[in-house]
Amino acid sequence: MNLLILGANSDIAYAVGKKFAQHEHADICLASRDLRLLEKKVQDIKIRYRVNAEALFFDAVDYASHNDFFKKFDPKPDGVVLAFGYLGNQQDAQQDFNEARHIIETNFTGAASILEIIASDFERRGHGFIIGISSVAGERGRQSNYVYGSAKGALTVYLSGLRNRLCKSGVHVITVLPGFVRTRMTEGLELPEKLIAEPAEVAEDIYRAYKKPEDIIYTKWFWKLIMFLIRSIPERLFKRLSL
Amino acid sequence: MKLTAWGRYPRIQATGHSFETAEELRGYQEKAGNSIVFAMGRSYGDSALSERVIFTRRFDKILDFDPEHGTVISESGVTLSELIEVFLPTGWFLSVTPGTKFISLGGAIASDVHGKNHHKAGCFSECVRSFELMLPDGNILRCSHEENQELFLATCGGMGLTGIILTVTLTLKRISSAYIRETIVRCQNLKEIFCLFEEHMDMTYSVAWIDCLARGENLGRSVLMLGEHATAGRLNPRTAKIRSVPFNLPGICLNKYSVSLFNHFYYHKNPLFVEGRLVPLDTFFYPLDKIANWNRIYGRGGFTQYQLVLPRDASSEGLKIILERIASSGLGSFLGVLKLFGPENENYLSFPMEGYTLALDFKIQKELFPLLNELDSIVLDHGGRLYLAKDVRMTREVFIKGYPRWKAFSELREKLGMKDKFNSLQSERLGV
Chain A
0 MNLLILGANS
10 DIAYAVGKKF
20 AQHEHADICL
30 ASRDLRLLEK
40 KVQDIKIRYR
50 VNAEALFFDA
60 VDYASHNDFF
70 KKFDPKPDGV
80 VLAFGYLGNQ
90 QDAQQDFNEA
100 RHIIETNFTG
110 AASILEIIAS
120 DFERRGHGFI
130 IGISSVAGER
140 GRQSNYVYGS
150 AKGALTVYLS
160 GLRNRLCKSG
170 VHVITVLPGF
180 VRTRMTEGLE
190 LPEKLIAEPA
200 EVAEDIYRAY
210 KKPEDIIYTK
220 WFWKLIMFLI
230 RSIPERLFKR
240 LSL
Chain B
0 MKLTAWGRYP
10 RIQATGHSFE
20 TAEELRGYQE
30 KAGNSIVFAM
40 GRSYGDSALS
50 ERVIFTRRFD
60 KILDFDPEHG
70 TVISESGVTL
80 SELIEVFLPT
90 GWFLSVTPGT
100 KFISLGGAIA
110 SDVHGKNHHK
120 AGCFSECVRS
130 FELMLPDGNI
140 LRCSHEENQE
150 LFLATCGGMG
160 LTGIILTVTL
170 TLKRISSAYI
180 RETIVRCQNL
190 KEIFCLFEEH
200 MDMTYSVAWI
210 DCLARGENLG
220 RSVLMLGEHA
230 TAGRLNPRTA
240 KIRSVPFNLP
250 GICLNKYSVS
260 LFNHFYYHKN
270 PLFVEGRLVP
280 LDTFFYPLDK
290 IANWNRIYGR
300 GGFTQYQLVL
310 PRDASSEGLK
320 IILERIASSG
330 LGSFLGVLKL
340 FGPENENYLS
350 FPMEGYTLAL
360 DFKIQKELFP
370 LLNELDSIVL
380 DHGGRLYLAK
390 DVRMTREVFI
400 KGYPRWKAFS
410 ELREKLGMKD
420 KFNSLQSERL
430 GV
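From first to last, the protein sequence lines stand for chains A and B. If you number the first sequence the way numbering that gives the first Met the number 0 does, the last residue is 242 and the count never jumps. If you number the second sequence the way numbering that gives the first Met the number 0 does, the last residue is 431 and the count never jumps.
None of these hints come from the bench; they were simulated from the model. Careful: at least some of the hints might be erroneous.
Claimed, not checked - Cβ pair distances, simulated, as ranges:
no.: 1; chain 1: A; residue 1: Lys193; chain 2: B; residue 2: Asp380; range: 32 to 38 Å
no.: 2; chain 1: A; residue 1: Asn97; chain 2: B; residue 2: Arg395; range: 37 to 43 Å
no.: 3; chain 1: B; residue 1: Lys1; chain 2: A; residue 2: Arg35; range: 33 to 39 Å
no.: 4; chain 1: B; residue 1: Thr14; chain 2: A; residue 2: Tyr62; range: 36 to 42 Å
no.: 5; chain 1: B; residue 1: Gly250; chain 2: A; residue 2: Arg207; range: 36 to 42 Å
no.: 6; chain 1: A; residue 1: Asn97; chain 2: B; residue 2: His68; range: 49 to 55 Å
no.: 7; chain 1: A; residue 1: Phe56; chain 2: B; residue 2: Lys289; range: 51 to 57 Å
no.: 8; chain 1: B; residue 1: Arg25; chain 2: A; residue 2: Leu194; range: 29 to 35 Å
no.: 9; chain 1: A; residue 1: Glu53; chain 2: B; residue 2: Arg128; range: 25 to 31 Å
The beta carbon of each residue, even a glycine, is placed where N, CA and C say it ideally should be.
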């Protein structure tokens, strides 16, 4: 199996790559902007799992480059993990549209651009799977991170539509909705310790969803319950909460 | 965030940063004051605790492996467990391993850990060829016996107080089976176990479990475990399922009656004598790793491990006094461990010296501290010392007497500006 990981410098992405290398003996292509960091990860995956691995430059918001980026693959990947994302800062995003746009473009527009290219290839070949890493933040808008949340929400809807379309061609799309994960993205945030998952645990859940296969997973599992409760709060009440 | 180490005492409020590259780390370090590395949190006390810590969990890439010589280059946040998982199937194993594999490579160096083969193979630093160390000024120096030797000697066993260990080059040892040939001998008392340790100096691995509540005739009764690498058996045995202690046991569960009952059954469960049975590496080296969170059995208040070493000629007399004192206090624990060390190394703060080491777990309680203070003076009177990686309460005086090279260590820290940059609660308590 050839697995392409977009946004491979994310901690979750790297953990997922390791899982597939270990259990599927997959050759891994890591794509991101920081090639020097990727090179270390390539070495690590090669030594740990005795598979092939390579690093490629990929910029999620350089839409014009996406076609050429994917054209170069020969053979084309059997699966794609879309893992890039940018949490940004809600306060900054409120005051500076550039920050807001950066959050929206990285989390959603970039994903829509590259996934459309990949989807049409997978559809034509009738082969492949797509794992999209969205977020529970996209389930309901909250004052503390609604710019990020809305971009992830859009991604969740996009993935759902893509799954509907590709289902007929035998291409499987998995939407992953992680809660709090101990990654660089959440470092420095004061989060409830009991709710935080390690990247390796999230990767384990994702791999299990791939094997089953599942359409939508929450990771860890209890976020399904938490988000059900959060979605159930009537808007009249919800708008007064400070979440 | 709340931070605590394996003994779960003390528990402090701290902030922390992780990093993936040396540049990223340098960026944090330039802005910040005091810190100490916190990796897997498997030291027992406060040696990795500070208001500000550096996490190495994201600095965990294995960068190179030479299958000819078994040389690995890896970042310091990788765990021994990961190294075993990667290299054991190809016939390589750690030449020195402590009793848990869930520690980081950097932590193994910083505590200069030892294993059941210390009398033959020395401490962990013996298999470390070199490492890169980030100093207070952000510069990175390669340290080994040939290069920057003073820093090498200070950092191995230096409890993270000399800088941040980055990339490590270490040598693994060739094995042909993932099994150990284990021999077990039950011993009735201290005298018997001492004789057997001396007799089996040529065995690769040796360690004894000791019942520290047994008294009188049975003082020091123990079960000696000896081992050699097997030549038969596969290289990738099925790994055992890890069970977990799901919650804190109420503190009352551990008392002298329950512990002495456990010790009684454990002693008699072991056969009088078994020679050369095959056991998987994991079972032989890491029996407790199969129970995740076993530290919870000591309850919310936490526990500490008291590990001492006495010079060989003072061991018999000293250990007798110590065991009598512990048995009469009734504060003993399961998991008393006894082992005969080989010669000490040149590192400034490495724990082992030629003689017997005893390690005991104690639940934290009011009555404990006076007892440990008493034991301290017995240890010092016999020329021994305590293990820094386990310690949470020794005084500066006990430290200074136990570690005669502390001064050179402290002077080096002063000279290179480490005292303003790398400190743990422990180093502040010890004034080093």
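For this session: Sort out which numbered hints this structure fails and list those numbers smallest first.
Result: 1, 2 and 7
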